[in-house]
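Visitor: The task is simple: from the sequences and hints, build the whole structure.
Per my numbering, residue 1 is the first one in the sequence shown, and the count goes up by one each step.
Derived from the structure by calculation, the hints contain no laboratory data.
Each hint should be verified, as a subset may be incorrect.
Said to hold, decoys possible - The list that follows gives simulated cross-link-like pairs (lysine-lysine, DSSO-like), each with its CA atoms no further than 30 angstroms apart:
1) K177 / K202
2) K38 / K177
3) K202 / K38
Given the structure is predicted, the values throughout are model-derived calculations rather than measurements.
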Amino acid sequence: MIKHYLAVSALLLAPLSVHATAWTLSSTTPPSGIASIKAYATAQTTSTSGGALFQSATLQSYPGLGVTASNDLSNGSTGSPDHAIDNDGGRNTTTDNPIDGAVDALLFQFNASTSLSSLSVNWVNGDADLSVLAYTGSLNSGALPTNADVSGESFANLLSRGWRFIGNYNMAVNTPKTINTDNIYSSYWLVSAYTGAAGSGKGDAAGVLDFGNDYFKLSSISGAACNGSTTGGVCGNSGGGGGVGSVPEPTSLLLLASGILGWRVNRKNHALAA
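Guide: Dropping the structure here:
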């Protein structure tokens with residue numbers, strides 16, 4: 001019988017599976033669990049000393065999501081490859097200059113605070129490097145504050161107003177890419193073509209990231225929602241809330257397992273003494 005309880009203890013201490021939701025991005029209509037998807041692009045004509053400002057753009061689906069913007073017209077076309085999420089926008093240089101901008105982006109609003117764990121692309125022309133930010137500041141009745149909303153702001157402004165750099169990543173076609181190793185939770189996520197203006201030092205090494213030659217369509221994202229409240233990107237509350245698929249602390253499991261085993265051994269010893 002003791003062997004049985006040892007087996008139970010081992011099961012309690014074994015890692016518990018984490019269940020994430022995968023969202024296929026096959027339409028401009030958001031799938032269940034995502035409240036909205038908006039397209040933006042930085043523009044050379046609306047630059048400040050802090051960087052180019054985001055303007056509304058047009059969300060496209062092929063399937064896989066892309067972006068067309070007024071920037072693309074300087075190339076004379078919004079067709080392939082400018083119909084994708086890209087960072088050229090008709091630029092004459094591939095230098096990563098935040099002030100010049102010309103970076104396409106998608107803003108995802110989730111129904112619940114979510115920790116994104118992977119991204120996939122299903123179409124690439126040239127290269128597919130991307131940048132990811134998450135909003136971890138305070139919300140106004142579930143909405144972004146005016147000064148933290150993407151439209152009319154630069155990367156520098158966003159990063160100083162509650163947005164957090166998650167990482168830069170080099171993508172491969174139809175190969176899910178793990179992101180967000182810090183396990184940040186947010187209702188608002190910004191996925192853009194790669195730019196150093198978004199941040200550095202997280203995700204893939206700088207040596208595999210290039211600016212100005214990235215064209216890709218985002219085909220799916222995966223993540224887990226928070227069961228409790230979220231503060232500063234961290235899921236949980238005093239009532240023990242946690243993320244979907246979150247695992248109990250190993251110490252708690254060890255105490256539970258030890259208690260079961262100790263109780264059983266104590267009962268057996270009393271029986272033998274009798």
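Visitor: Next step is simple, just say for each hint if it's right about the structure.
Guide: Now the hints, each set against the structure:
no., hint, result
1, K177 / K202, "14 angstroms, holds"
2, K38 / K177, "22 angstroms, holds"
3, K202 / K38, "25 angstroms, holds"
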